[in-house]
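Participant: If you read the protein sequences in the order shown, they are chains Y and R. FYI, in my numbering the residues of the first sequence are 1494 to 2044. FYI, in my numbering the residues of the second sequence are 901 to 1192.
Source of the hints: derived by calculation from the structure; they are not laboratory data. Watch out, some of these pointers could steer you wrong.
[What the hints assert, rightly or not] Pairwise CB distance ranges (calculated): (1) Y:D1826 with R:R1151: 31 to 41 Å; (2) Y:R1959 with R:K1068: 34 to 44 Å; (3) R:T1082 with Y:D1954: 37 to 47 Å; (4) Y:E1524 with R:K1085: 54 to 64 Å.
Note that beta-carbon positions come from the ideal geometry of N, C-alpha and C, so glycine has one too.
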Amino acid sequence: MAVNTIDAKMLSHMFLAGAKNLEVKKEYINELNVFPVPDGDTGTNMTLTIMSAAKEVAALGDTPDLKQLAKAISSGSLRGARGNSGVILSQLFRGFSKVIGEQEMLDIETLSKAMEKAVESAYKAVMKPKEGTILTVAKGISQKAKELENTDDLDSFMEAVIAYGEEVLAKTPEMLPVLKQAGVVDSGGQGLIEVLKGCLMAYRGEEIDLSFDVEATSKAVNVDSLAADTAHIKFGYCTEFIIMLSKTFNIKHEMDFKAFLESIGDSIVVVADDDIVKVHVHTNDPGLAIQRALKYGALSNMKIDNMRLEHQEKLFKEEEKKQAAVKEEPPKDTGFISVSIGEGLNEILTDLGVDVIIEGGQTMNPSTEDILSAIEQVNAKNVFIFPNNKNIILAANQAQSLVEDKNVIVIPTKNIPQGITAIINYVPDLSAEENEQNMLAEICNVKTGQVTYAVRDTVIDEKTIRENDIMGIGDHGILAVGKDIAETTIEMVEEMIGDDEVELISIYYGQDVKEEEAKKVGAEIEKLYSECDVELQFGGQPIYYYVISAE
Amino acid sequence: MKKVAIMTDSNSGITQKQGEEMGITVLPMPFMINEETFFEDISLTQEGFYEKLETGAEISTSQPSPDSVMDLWRGLLKEYEEVVHIPMSSGLSGSCQTALMLSEEEEFAGKVYVVNNQRISVTQRQSVLDAIRLSEEGKTGKEIKEILEGDKFNSSIYIMLDTLYYLKKGGRITPAAAALGTLLKLKPVLQIQGEKLDAFAKARTKNQGKSIMMTAIENDIKSRFGGLAEEGQEPGVRLQIAYTKDLEAARLLKEELAEKFPGYEIHMDPLSLSIACHIGPGALAIAVTKKL
């Protein structure tokens, strides 16, 4: 029996199922990454993004209305967004939520409108939308939905829409040559399809395990998210009372009573004395505990607290304290935030005047929320952000658009050397706008290359790569592939510089490279480019043996 | 008897020979090198100076002795009615202060005018040229002093250092310069404007540093010196380049500057040694002075 509408409860269930299905397919999606680097993590990023929304949705409980639900999905994913695909996914949700938040009930027509709005919102978020990506898949889905707007069976509508999305996904390699060469479809598009498939399964009432892999998300969530933390509270009311016994309360009664309490809550304490029993339980329905207890006698010292509110209040207070501490001193003119990983690199950036380092990079893309929290910590009128990774720029832009009390400037630095060059070129006497212009001009003059290993076989830029090969990746693709770290690094530098004139080559060696080895590589490069300054520095970054820049 | 004699010190970059040609007097600045006294352009050449600097010799600047200053004045006052003395910036040396004090002695009062207009190197030289012109126009010593001092903020100098080493060694590092960052090799850009010599910006490569200086000069022209000249219009400012040791680099900078500011007058000099000993070889400076 087909129900042709979706209510808030169903949508909430579908959304959680979508999130779950994405999480299940996370690793598979990670492997679709074109570059076989050890940390290609579209799947992880999208999962963390949707998880942030799922937590807010779960916190609404069983009976949300569509307005609340829309808000939870939109704000949760927006703040939790990380990585380009994550940011685009969050924008899809944001557009979608705008439409559904105004409805009482969803039908085919409203769903189609919401999808249209979703696509519109996502395209706007990306400065230069590229076809052959998650955007194209989303657009295809929305177009199909529009086409089927006047049909009347919701189940077959969703099935058809998803099927068409998969068709578009299958064509992404034709639109983006890098995908074709690597023999994969777009990972972000695949992620979107998995979400929708999860939604459909839930709609059909298929059994879905909604227990999420907490491990995967906990390391990323280092910022107090009010809703997210209250969502961890499974049973909302702390219930305490004393039973003044009017009949015997033997060991069997005690066991029965405990078993009952266990069925409705946790954190159970039952202490029986001669004529009183002290009871403590966390439950969502204190009434049940009280009713059962009344069987044994009259009650006294009753105390029921809503722990969710309490917890929120505590978090609010902490937040206020944090903000008060930040606001005590008058703001300085300019502050700097940089994303970075590795002891040496962090130290160099701090030495150059960076106020807050957001730990992360290719391996761990910080979320919009992480960036917002960093902005909050910097007590300055103008805040420059150096994302230092092209997969973090969108999240930084998203954070920037959410801040109103500071002038936030995102310099779209794609790697650490660009970030270093940008901050070095900051001139205190110039305005923020002039500095922005100068930094943008200077970062274009930095060429970079990074050396890591391949996690699987593939073909990129007409180079065949085997698992565990060493790869030198430049600003625009693979520069060198080999078996030896030092040799590949030098080959990469030669490819990177070509016939261009450079003045300075900076080498930052990673945590897995010994100092003597790095010195050898440095000396070799110095020999090759004798007219040039060569500076060797300990970067301490994981996964990347060398990060090298020439300017 | 001729009217006004113009005098400066060797910080102006004007050599003894050039001084003679210009009809002015140049007071040589003394240097202590390994406890021996040398006089700029008299017993110490540019080459000799850098040779000693780079071999790690202890070099310090000192003020000209009051006697040497007063002797020169006395000599000039035999031929001239008045003396206008333009020493290096009072912000960088006490010699201006000393000269001002000496000029108030009965012997010199009303006859010797010490100009305290905070110039150094190429901008100090420009003040000397302005003073010569003003005296030719018949201005008195007092008038020349007033005109030059009224103009004192109309110049700035940016200097890019090849290294922070000498600045640190000399202990002349200001808090702003100390905050420049020490882990990476950086090329600091300093600014001399009015009294202070201080950190302005930093660069990683020479080309970045040059572009920072040119942008700063352009901003100064736009915001402080009446704007850039339209095509065919006479520029309202003069540009100068100064350098320590590396003439080739300075020539290249001159070409680049001429390309960015076509039609502007550009003068080039070695940077005076009293600055050079604090910043070391390989420094490049660009200065701008508003036409008086």
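Participant: Indicate, hint by hint, whether the structure satisfies it.
Facilitator: Going through the hints against the structure:
Separation of D1826 of chain Y from R1151 of chain R is about 38 Å and conforms to the stated range, judged on CB atoms against 31 to 41 Å. Here the CB-CB span from R1959 of chain Y to K1068 of chain R is close to 50 Å, at odds with the stated 34 to 44 Å. Our hint of 37 to 47 Å for T1082 of chain R and D1954 of chain Y holds, since their Cβ atoms are close to 39 Å apart. In this structure the hint that E1524 of chain Y and K1085 of chain R lie 54 to 64 Å apart at CB is violated, the actual value being about 41 Å.
In this structure, the earlier hints numbered 2, 4 are contradicted, and the remaining ones agree with it.
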